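Novice: Those protein sequences? They're chains A and B, same order as listed. Numbering (the working numbering) for the first sequence: 50 to 565. Numbering (the working numbering) for the second sequence: 18 to 489.
The set of hints was computed from the structure by calculation and includes no laboratory data. Because the structure is a prediction, the values reported are computed rather than measured. Be a bit skeptical, because a hint or two may be false.
[Stated by the list, open to error] Going by beta-carbon spacing under 8 Å, a handful of chain A positions derived as facing chain B:
| id | residue |
| --- | --- |
| 1 | 99 |
| 2 | 122 |
| 3 | 126 |
| 4 | 130 |
| 5 | 139 |
| 6 | 396 |
| 7 | 397 |
| 8 | 425 |
Glycine included, every Cβ here is placed at the ideal spot set by N, Cα and C.
Each chain, written out:
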Amino acid sequence: MIKTQGDLEELAEIGLKEVMGLPRVREAEVFASSNEVDTTKDDLETDVPCGVVHQPSCMKTEGVGVRLFTNDGLYGFGFESSLGKTAVVNAAKKALDGAYPKPLVQHLPNCTSDKPKTTNYHDLRILEAGGTESVDFGYRCADGVIEVYRREGFTAEDNLALSGDVTTVREGIGIRSSRGIVGGDTSTLMWAYLTSMIQKRNSKGTGWATGGRIDTFSPEEAGRMAASNAVRSIGGQRIPKSGKHNVVFGPQAVTDLVHHFLQAVFNAAAVGVGHTPISGVYGKQAISSLLNVYDDGSLPGLAATKGINCEGLPTERTDLIKEGVLVGFLSDQETAQTWNGDFENDATKMYREKLRKMLGTTDIPILRGRNGFRFGRGGGRQYMGEPSVEATNLFLEGTNPIPEQALLEAIGDGLYIGTLWYTYPVHGINAGDVTSTAIANSYIVKGGKIVSPLLPNTVRIEDNFPRMFNNLLAVGDKVRTALVWGIESMVNTPEIAIRDVNLSDIAQYMSASKAA
Amino acid sequence: MSKVTGRDGMAAQGQYGGRIGAEEFHSGKVRDILIEAGREASERALANGKRRAERAKAYGPLGQTICDTKFAPTEKVTAVVNADYTQDPRSTSLDELCKRATAACTSMLKVDERMRRALVQIQSGMNRELIVASENGEIAIDVDEAYAKTQGLVHVFALAPGQKVAEDYYDALGGMHGLEVLDGRNLYCQPFERWAMGISDQIAKLSSAPMLEGRFDNVKVLTDGAFNSLWTHEVNGHPSEGDRVKGMEMGYAGRSWFFRNALEHWIGKQVASPLLNVTSRNDLDAYGKFMFDAEGTRGTPVYHIKDGKFVGFLHSRWTAQAMTDMGIANQVPNGSMRATNALNVPYIRMKQTGIEGGTSSIAQMLAMIDDGFYLVGRKIPSMSESRENFQISPMMAFRIQNGRVGQMYRRVSLMADSMPYMMSIIAIGNDVGLHNIFNCGKAQPQQVMYLCNFAPSMLAIGNMIGGLAKAA
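Using the sequences and the hints, build the whole thing.
Specialist: This is the structure we're talking about:
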């Protein structure tokens, strides 16, 4: 079980007093965290030996991270993988040993009178859950899959398969700083991501579920979704030819595009160094006017919600894109300090001069910096790292949303792509070129109606992100939550229809030849 | 990390891992922590086994394949392997490293006026893994293996006058040694600073190059060793991982185009030109060098492709046994089960995987190209789910006409279906080079593994994709 928030806050409090008593320390922050990540891996195949749940595991990490500034203005960071006063002091000594000039930042985050909007949102049942419960989640996924296949009349000879993971995360943090930051947080979140196949029919489906509380999380539903999508994918066809096609992207596909491209447009740290596919558009049209985008880490009941960020500040809503116009940015406190012009030196002058060019304006917006987190790529809130800019619950919504059937009618002939894979900026993020493959939950559309499944793994997207997101045909009205591998934030998005997406028909040899 | 195979109903596994801090380590709490980890792992293993047995009954005919977790045998071993270094990472001052990184960064920016940003990250450390495992009530594995690792990473941005799209590139220089890696004991045989400035110079020049327009299908493409190290990593190495073959990675990392199921696979069949030989080993002086994997199995070399035929997988004890139980002969563990840290669950990971050298020189291969491209360096890959198709960008590309190297381009990538591309290989170079990969990701939670891929230059037929074509 993780340490209580009370224990972590008490340690941060005691630790801060010790650190502030060390020579050379001008100001300091102590961040204590305790995390457990339970992962249960599913492996079910009806044609070969299997175990249903393969290796249920738990990874526990707890420790302290200390950030500080010295009397002569140097910045340092150190951590220790223990909880205790001695660990805090040792972390601080490491920070002092390695302290270095950081001209863009002059102080630690200031405190605020804002109070967290969301408190006590964690689920005690998950906090107290042990290994047995997490093993159960994995089996419940399989139960959902078997239920569907039995109902649809499939047999073992159809070579049914299930693979994927269920992850349960328990996170606790306590933070104190000499600038008056006082905070603690406890969160519980779960997600399942599954793929199921009917191998004899060459069909595949994905399913997922997310939740912050046991009663909002259904592993069975993720299993049912994966199996149902596999059933729906039987009889998949190839696209008639490579070229431009209108496409409706489903929530998971949109999530992949958001994480690998769109986020860079409003990530202040990325924009500040030019690491973005669309630049020079602050206050101007960045993408289609059919979309609004915002982030809100304070909403109760969602899996990616946090009461405070990892710098001790309450989470809140940040509007990012309004009717396609770039209006805001996600930021941590360091980036906010530099953007906001809290102080001036040669380094900040140079940074802000370049930033004006990147933004395409002389008026640099003031940032509130409420998105500094220390996420562990699927493994809790980590004391080992310094905060960086992260989204939480990202929302995409249509400015003029239409029903799902109308989306298909809007594209006429084209594709519905449900699940994308290996979506990367293949020529660098600046260029914005997109490549990705459609691997499941995808269909061929003719005359505004789905006419057949798309054969999995036969289509590669080769297009350009700014072009795609400036050529939206329509946005759906049903918002669903989706996730991608290794990223804690979750995207809540409707389906999005895009005109003339460049697609290649690939891997024809896999259909033509069956080995052995 | 504690891994237990228990039996309550059926034999099944459970695992538990955690970080042990200096305070616990020095105050004698390690034993208690390990006992607690064993208890937690056992709880999971027993719960797993009980539920497995229940589902085997409840699922009826759909559960007939549910069975005990079984492992292929491996030799008993007791071994101590020492780290190889001359400059101990533990005695380095952070201040010294910071000054070195800052100086490198400053020098990189001064290389060329087109340079816009340089990021330098230097890390050096020591790892020691103690692996103890019991079987049938006896200690069967007792391994104490230590290694040092040092790396210098650079990320550079350059923008030429008149260009709208900056050129950015990142790479790392590293080795399984102490700080002497930064002074020249590395794959490039040069100090980190000189290598970093060379990268800056290349990228600065590249930023002035035009972007390739259009698409060129079925052209001859000469790819250099650095590009091919990434290519073989993605197209040959990953689909050779035994857990993908078993379908374990369908959810995240994908399956294998070499193996669909026990009745549909390419084992023993031609998947490439007879010129292609791909192997994995763990003894080269580069990332991925080790003696024993996380199960205490000695790392042994294995061929994946021999004379163009697919012949072998990377295996753990479990995947080797599982494939044997599927009726595939000659599957043995080859020491491929590794984790990034002791607290992580081990997965099947590449070790040092690559293409063996051929007999052609670059000059000979260039002379074979009437109208094609020469791809140099490696950038970003995108693979289809079972690795049956790939799109990979090089650092830069050159147009080749009548055997002559012409215009340099940036923002290009090579796309092809994997097997047809491998079958089209015309020549393989005699210039094998080792290239470290420092960011291979797998697993949930994600683990980033350091390994090495090696490859010579290669001439084959593929499709060149230009960047601007996508924006049209």
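Novice: Return the numbers of the hints above that this structure violates; sort them in rising order.
Specialist: Of the numbered hints, 2, 3, 6, 7 do not hold.
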